[in-house]
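Trainee: Sequence:
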Amino acid sequence: MTRRNIIWLGIFMIIGAMFFALSPIIAQQDSVYRTYASLVEVDALVRRRFVDDVHDRRLVHGAIRGMMLELDPYSGYIAPDQMADFRRRNTGEYVGIGLELGMAGGGVTVIAPIERSPAMRAGVQPGDTLLTVDGRSVEDLSVLDVSGALSGEPGKTVAVGLRHRNGEVVDLTITRDRVKRPLVAGIRRTTDGGWDYMLDPDRGVAYIRIPHFSEGVSAQFDEALRTLAKRPVAALVIDLRFNPGGMMTEALEIVDRFVASGTLLTTVTRRRAIDTYTARPENTDAQTELAVLINEGSA
Numbered sequence: 042m043t044r045r046n047i048i049w050l051g052i053f054m055i056i057g058a059m060f061f062a063l064s065p066i067i068a069q070q071d072s073v074y075r076t077y078a079s080l081v082e083v084d085a086l087v088r089r090r091f092v093d094d095v096h097d098r099r100l101v102h103g104a105i106r107g108m109m110l111e112l113d114p115y116s117g118y119i120a121p122d123q124m125a126d127f128r129r130r131n132t133g134e135y136v137g138i139g140l141e142l143g144m145a146g147g148g149v150t151v152i153a154p155i156e157r158s159p160a161m162r163a164g165v166q167p168g169d170t171l172l173t174v175d176g177r178s179v180e181d182l183s184v185l186d187v188s189g190a191l192s193g194e195p196g197k198t199v200a201v202g203l204r205h206r207n208g209e210v211v212d213l214t215i216t217r218d219r220v221k222r223p224l225v226a227g228i229r230r231t232t233d234g235g236w237d238y239m240l241d242p243d244r245g246v247a248y249i250r251i252p253h254f255s256e257g258v259s260a261q262f263d264e265a266l267r268t269l270a271k272r273p274v275a276a277l278v279i280d281l282r283f284n285p286g287g288m289m290t291e292a293l294e295i296v297d298r299f300v301a302s303g304t305l306l307t308t309v310t311r312r313r314a315i316d317t318y319t320a321r322p323e324n325t326d327a328q329t330e331l332a333v334l335i336n337e338g339s340a
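So in this note's numbering, the last one in the sequence shown is 340, and the numbering has no gaps at all.
Hints were generated in silico from the structure; no laboratory data involved.
What you are looking at is a predicted structure, and each value in this text was computed from that prediction instead of being measured.
For glycine and all other residues, C-beta sits at the position ideal for the given N, C-alpha and C.
Mixed in with the good hints, there may be bad ones.
List time: in silico EDC-like cross-link candidates among lysine to aspartate or glutamate, alpha-carbon distance up to 20 Å [to be verified]:
(1) Lys-271 with Glu-330
(2) Lys-197 with Asp-212
(3) Lys-271 with Asp-243
(4) Lys-197 with Glu-134
(5) Lys-271 with Asp-233
(6) Lys-197 with Asp-218
(7) Lys-271 with Asp-237
(8) Lys-221 with Glu-330
(9) Lys-271 with Asp-241
(10) Lys-197 with Asp-175
Quick list of the computed label-pair ranges, beta carbon to beta carbon [what the hints assert, rightly or not]:
(11) Arg-311 with Leu-86: 31 to 39 Å
(12) Thr-231 with Ala-332: 22 to 30 Å
(13) Thr-76 with Ala-260: 28 to 36 Å
(14) Asp-237 with Arg-162: 21 to 29 Å
Can you build the whole structure from these sequences, using the hints too?
Mentor: Written out as structure tokens, the structure is:
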């Protein structure tokens with residue numbers, strides 16, 4: 042075999058290997074196209090026939106939100122321009138009306154209005170079901186979508202339709218303002234504006250309320266424990282009533298203060314990938330009797 046023939050043979054072998062490697066990729070792409078062909082067709086129809094010009098980004102974000110809603114009420118999509126507001130809501134301070142929201146009975150429900158928030162001043166109550174935001178039904182919206190709709194610029198109003206637990210339907214117009222969610226709270230305020238964490242000083246019973254597992258709450262919790270360490274504490278009550286959840290890492294940090302060893306949490310994915318979070322003895326510094334309060338509003 043001549044050198045030229047050997048070169049051509051090598052080229053044909055390389056091309057054959059490329060087609061062999063590309064076949065699964067091409068098949069996968071074809072499967073993806075067949076799955077989303079109807080979405081592409083609708084996109085084309087909207088562009089040709091909708092009365093106004095459409096924005097690509099809005100259509101894409103709307104399609105993704107719809108996909109998330111088909112999973113469960115707790116899944117949602119945060120667009121890039123919403124990330125800053127989402128992060129602010131999880132650090133305890135943001136602009137809105139001040140509602141902790143969750144899912145109950147198939148609808149978006151008020152777990153609790155945040156203390157001193159516009160929603161609390163307007164008369165929103167724990168257990169209220171949200172019906173509309175600015176005239177739009179929230180029936181097909183996720184908690185994340187509703188939270189985003191309620192946020193906005195300070196001084197701007199939002200119209201909220203609610204159904205109280207007694208069945209009464211009310212329409213409220215609430216002015217958005219800066220909402221500061223307390224990371225931790227005590228039983229009462231002190232004269233200097235801080236928190237008094239002693240529920241029963243004579244018996245040494247302390248009390249800490251955690252309204253939400255926001256970013257930084259574990260550090261604030263540790264600060265409260267350091268404050269309590271200056272006094273004789275025999276027992277501690279942690280109040281998680283109306284706590285809708287939040288950041289898992291913050292909750293684990295707090296649990297770690299009371300568990301010296303062993304597994305705190307195990308997560309298992311659909312593909313059986315397992316992550317295990319283990320207690321760290323060096324983080325355990327609370328040796329008191331402990332009681333945790335929860336209710337139907339606790340995550």
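Trainee: Can you give the numbers of the hints that this structure goes against, from lowest to highest?
Mentor: 8, 13
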